[in-house]
Each structure stands twice: as C-alpha cells, then as structure tokens.
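Following the hints, complete the assembly by docking chain B onto the known chain A.
Number of protein chains: 2
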Amino acid sequence: MANLGGGEAKNRQVIFRDFVSGFPQESDFIVSSSSIRLKLPEASNGVLLKTLYLSCDPFMRFLMESRPPSTSYSPGSLLFGFGVARVLESALSNFKEGDLLWGMLKWEEYSVVEEPEKLFKIQHTDVPLSYYTGILGMPGITAYFGFHEICSPKKGEYVFVSAASGAVGQLVGQLAKLMGCYVVGSAGSREKIELLKNKFGFDEVFNYKEERDLNAALKRCFPEGIDVYFENVGGKTLDAVLLNMRPHGRIAVCGMISQYNLGQSEGVHNLLRLMTQRVRMEGFRAPDYFHRYAEFLEAMLPYIREGKITYVEDTVHGLESGPAALIGLFSGRNVGKQVVAISTE
Amino acid sequence: MANLGGGEAKNRQVIFRDFVSGFPQESDFIVSSSSIRLKLPEASNGVLLKTLYLSCDPFMRFLMESRPPSTSYSPGSLLFGFGVARVLESALSNFKEGDLLWGMLKWEEYSVVEEPEKLFKIQHTDVPLSYYTGILGMPGITAYFGFHEICSPKKGEYVFVSAASGAVGQLVGQLAKLMGCYVVGSAGSREKIELLKNKFGFDEVFNYKEERDLNAALKRCFPEGIDVYFENVGGKTLDAVLLNMRPHGRIAVCGMISQYNLGQSEGVHNLLRLMTQRVRMEGFRAPDYFHRYAEFLEAMLPYIREGKITYVEDTVHGLESGPAALIGLFSGRNVGKQVVAISTE
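Protein chains in written order, with UniProt numbering: chain A, 1 to 345; chain B, 1 to 345.
Next comes chain A alone, as it looks inside the complex (with noise of 0.2 Å):
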C-alpha cells in the first residue's frame, strides 16, 4: 500500500524492449520495480500521479515499429498509452489532490506529469472510472464521431462493423441502432458473437473464422447491400465489403487490426467498386474530435445513464498482467474493451 504521506512506495513499470516485426510477444516488454519518493519533486511544476487504470488499444502496434518520420516507442524507454490517475499532489492552482484526470500516461503505478493540461479532467464520477478509457475516452469518441461525422449515417440503412464486440465496434453497433439503423455485426469467436446479438442487440452477426466465403457471408446478411461500413480489419474483410456496397455508400476507416502484425498488408483487389457504386471511404482518428469532448459527454453520458447503451469490459489486475492483455488484442483474445486495473483506491 502506498505510503501517502511522501514516503517511499513501489512503482511498478513497463518498459518498451526494442521495435517489434510480426506479432509483439510478452518478451518484447519487460515489468520492472523501483522505488519512488511520494512527493513532487522540487523543481517539478507539474503533478504526482497515481494510475488507476491504463487501457490496452490497437493503436499502440504502430508504436511499436520504427517507422519515421512516425512517432514510436523508444526502446528502453516506458511504454505509454490511455488511462485515467488522480492527483496525489499538484504544483498547479487548476489541479488538486484528488483531481481525476485521464489522457496519455506511462506505463507505471505513479507518474510525475509536467504538462497536466494535456489530459482531461473527470467532471462525472457517476460512473465507473475505468470508462475513461473506453466509452467515455478515446474509442468512445472514436466510435461516436467516427459514426456520426465520417459514416453520415441516415435512419433505416444498412450498416456493417466488423471486430464488433471490441471497444469501439460495440459502441457503433449500439450507436447505429438508436439511429434506427440495420446493424450486422462479425467477430471472432461463439462467446463474442453471444454478446453481439443479446447483450449489445445486433440484428444479425456472424462468426467470420466459420465462414468459408466471407461475400457470400454478407450477400446472406445484406440482400440489399451495405449503406454504411465502419472498418475495424481491413484485407479480406474490406475486399468482400467492397463487393456489396450500395451506390453511395460509406466506409470510415477507423483501423485495420488484422494487417497490423503483417511485413506486408493484405493486397485489396475491389477498390473500383468505389467509382462504380460511388462510395466515399474516409479515414479518421480520435485526436482530431478531442475539442468537442463536451459535445459527445452530453451525447453519450445520458445514454449510459438511462441505460440506453451497454458497455463490455474485459479487465486484467496489476500492471504486470499488462504486457499479456495488450498483446491478446492481436489474437482477440479480450471480449470487450481490454483494460488493465492498477488500483481502485
């Protein structure tokens, strides 16, 4: 247990080996201890941070590589990513303790953070906290904008997203069905496509690692064809999408985990399907929608409240089961928004 009182605790930390090709492993971070003073330092005109959750996103893969002019991960250096903290001590007038914030954080049990703006500040403790990292952080605003904003969706159409019961697919899916759309929705495995159809209320779903022909897949849940696909894989799956677009129909490219492991992605063939059917495919990304963050928490917060949408997490405890949860995205072993518990107090 921390010693709040500016003694000494443990601060676990998980350390970035080297750059990654192929799928990451578990040997490619490395958990370590150390001890940490808790007390701002001196010169700091920043804030102490304890990390209470931290979030495992599909994003962090390309973090992974050494891709210039692209920022990465330094080898050796503390992984970062998503997650919410409180303040245990702040140099600053607008940060107190007590403060809950979330935003980018290290990989560690207690941060010293410089620059406190850069995070948002929890207004609404009404629900858990770990949302912060899901449907009230960043795949949640992916999700929402990336539906309402890149999709232009219109009530009754048709609309497809694939890794459906993830963190962001699971939002979309709901978000399409209180705009009254159709929504079919793919995933991975018997328990997902379960939570697909009676918790997250898909009309139709399929299983895609059963289906030998994945057009013929959707020729069977689209008769009409698809309005609206919101893009979580990429390759084979974007390839039978194409072939059953309706003319004017849109594709928001959100990410495109299966081709994130691969030296070389998936070449996709149907592309002129965009000129014959007329289909705007566009691709988006959460930072770009961070300044109407009020926006979507007066969308979103009421839906979760009235319980109007449900929300699926699949949480691992200590910072040391981290490494396993964020490499499982990548083999989709998480069902539901992967979130790595550091503390609750």
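For the record, the hints were derived by calculation from the structure and aren't laboratory data.
Yeah, the Cβ is synthetic: ideal placement off N, Cα and C, and Gly gets one too.
Don't take each hint at face value.
[Said to hold, decoys possible] Pair by pair, the computed Cβ-Cβ distance ranges are: (1) 209(B) with 302(A): 53 to 61 Å; (2) 223(B) with 293(A): 30 to 38 Å; (3) 25(B) with 288(A): 44 to 52 Å; (4) 293(A) with 178(B): 35 to 43 Å; (5) 264(B) with 25(A): 31 to 39 Å; (6) 292(B) with 22(A): 48 to 56 Å; (7) 264(A) with 152(B): 28 to 36 Å; (8) 18(A) with 264(B): 51 to 59 Å; (9) 292(B) with 302(A): 39 to 47 Å; (10) 310(A) with 264(B): 36 to 44 Å; (11) 70(B) with 344(A): 54 to 62 Å; (12) 263(A) with 248(B): 25 to 33 Å.
Relative to the frame of chain A, chain B by itself:
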C-alpha cells in the same frame, strides 16, 4: 455521299462479337455494312440521325464483360458509346432537321433514335463539334465535377493526375492550374510528357514507364506530399500515391484503367494510410452530374473561347477505324482524347 432525299445509303456498323476477358482485340468487333433508307420509318416517333463523331472511352471496357447485374454489350449487337450526331428527320416537334445532339449513340453511320430526349442538344457551334465527345461532353463533365466537387481543391495545394494526357487528365490538370494549384502529371510516353509540360502547363511530369520506383518519383515531385490525387489508373500508382498523401488529402476515383483488362486486379497494400493521414477517397461517375450541364457549360465555354484551356484530340477517320482506336486506349496508344470522325458534313 448520302442521298438525303430519302433514298438508300450504305450504313456501316460496328458489332460487338462476344464477351471479352483480358485485353480486347480488333477481332472482338465486326465492321459490317448494310443499306438504310434515309427516311424515318412510318411507325417511328423519334428522329433519324447522321453520326458525326464517336467517342472511345475507357468505361466501354466494362460493358464488354458479362457481370450481372451490371449492363453490358449484347454479343451480336451494335456497340454503343458517346457521340455527336445531326438530325436528318424528326417526327417530334421539339427536334428538327439540322439539330445537333450529343449523347449515347450506336456505332453506326445512321441511326433511328426513339428517345432523343435522352440526348443533349448542342447550342454552341463556335467550337469544334468533336468537343462534345470530350471537353464539352462526358469527359469534360467528369473532369470538372470530379475535380471541383470530389477533390475539394484549394489554391496552392499539391495535385497529382495520372493518365494526365488523356481526355479527362489533361482537363483536370488545367483546371487545377487555373485554380492556382501545383500540378504534377504522369503519362506513358515521351510524346505525352511533352504535351503535359509544353501544352497543358503542368508544373512537373514523369513517364511512369521510365521510373523504377513510383514512390521515389512521387517523393521527387512532391517533397511536401500530395493534397489531391485524381485517380485514373489504380494499382501500383495508387499504392505509391497512398504513401505520399498529406493529412486530410483527397483522392477522387475516376477510373483505374491499368486494372480493366486483368482477370484479378492488383492488390493495393497501403490503404491504412487513409486512416493515419485522414484521407478521403471517393468514387464518382459523370452521369450523376449530367443535370448540372448548363452550369458546366457556363464555366467551360469561356475557358475554351479565351484560350485558357487547351484541348488535344487524337482523331481517326471512318467507322472502320473505330475498333482499333477503341482498343488502343488500353495500351495507351492515343495521345489526347480518342475520337472517331465519321462524317464532317
């Protein structure tokens, strides 16, 4: 010479022999000749037309393949495509002898058309009539709306056009220059490259057949990256372009001519760039803009009359030269817009 007094005339026609796979050959078409009485049949409620120009366009390749539910040419039936014709006789009050029309015509020297309302009346004859197969017809509409509506260009942006000396490409490049963009074009011969540079005023050009590495060629021409790509070719060029797109770039998918004669189109590997760079890639087709033809003419006619846009045609003479000209599109034989002049009288 046709006898316009209602006598008999020779009517050459081009017949589509059978569905094509791979590159079309001259032997896929039959040039036949029959006799026609130059008089509207009694029962006709349409017009008798004399064909003046026929247009060779890449989209015609799609119609050569049997891919239900898409339209295709019927084996043993007449080829059709865009063209310009003059009314010889009319059973309709709103069409009269001497009227000039452009639109979808059969590949024959004389035609009876029952629904001439589907054709456009040509009002402006101070420009060459053949222009209505190109700069003032479907390819012009494609270039104008594809560039202005789908590419959302802004002054000073970096624009890349492939197949840049073709009917559409040469216009897009010049429209982009008129808007104050920096414009680079690619083409497949020295003669075409000359045209781009010296006649159409492209800022930079390259011959894709002489570049070992398309990505390197694009990096050389666009050290700052590409804002707008007007896509005419697909395949490897698209893959290289994706590596060079700037944030929030746009790709207008007009065509992918490098892929039309392949059984299986080449795979495109770099689509994840759509997400990382937040790129919008959108397909479109000229007929969606035909209802805005008046607006288009109002913009384009002054450009032609004031010499602000130059237009290059590659003309062959006589219907019997049509099949070779048409298949030449797919080997890049034509320099400029490919036209078949049938009659100038």
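Is the distance from the Cβ of residue 310(A) to the Cβ of residue 264(B) consistent with 36 to 44 Å?
holds (42 Å)
Given a hint of 35 to 43 Å, does the C-beta separation of residue 293(A) and residue 178(B) actually sit inside it?
holds (41 Å)
Assessment of proposed distance window 31 to 39 Å (beta carbons of residue 264(B), residue 25(A)):
Since the Cβ atoms of residue 264(B) and residue 25(A) sit about 35 Å apart, the hinted range of 31 to 39 Å holds.
Looking only at beta-carbon atoms, does the pair residue 263(A), residue 248(B) fall within the given range of 25 to 33 Å?
At roughly 28 Å between Cβ atoms, residue 248(B) and residue 263(A) fall inside 25 to 33 Å, so the hint holds.
Could you check the hint for me, namely that residue 70(B) and residue 344(A) are 54 to 62 Å apart, CB to CB?
holds (59 Å)
Residue 292(B) paired with residue 302(A), Cβ distance criterion 39 to 47 Å
holds (42 Å)
44 to 52 Å as the expected CB spacing between residue 288(A) and residue 25(B), which holds or is violated
The hint (44 to 52 Å, Cβ to Cβ) holds, given that residue 25(B) and residue 288(A) are roughly 50 Å apart.
Could you say whether the range 30 to 38 Å given as a hint is met by the Cβ separation of residue 223(B) and residue 293(A)?
With Cβ atoms ~36 Å apart, the hint holds.
Between the beta carbons of residue 292(B) and residue 22(A), is the distance compatible with 48 to 56 Å?
holds (51 Å)
Should the hint that residue 264(A) and residue 152(B) are 28 to 36 Å apart at their CB atoms be regarded as holding?
holds (32 Å)
If I claimed the Cβ atoms of residue 209(B) and residue 302(A) lie 53 to 61 Å apart, would that claim hold in this structure?
holds (60 Å)
Indicate whether the distance between the beta carbons of residue 18(A) and residue 264(B) respects the range 51 to 59 Å.
Because 38 Å falls outside the window, the suggested range is violated.
In terms of the numbered hints stated before, the structure departs from hint 8 and from no other.
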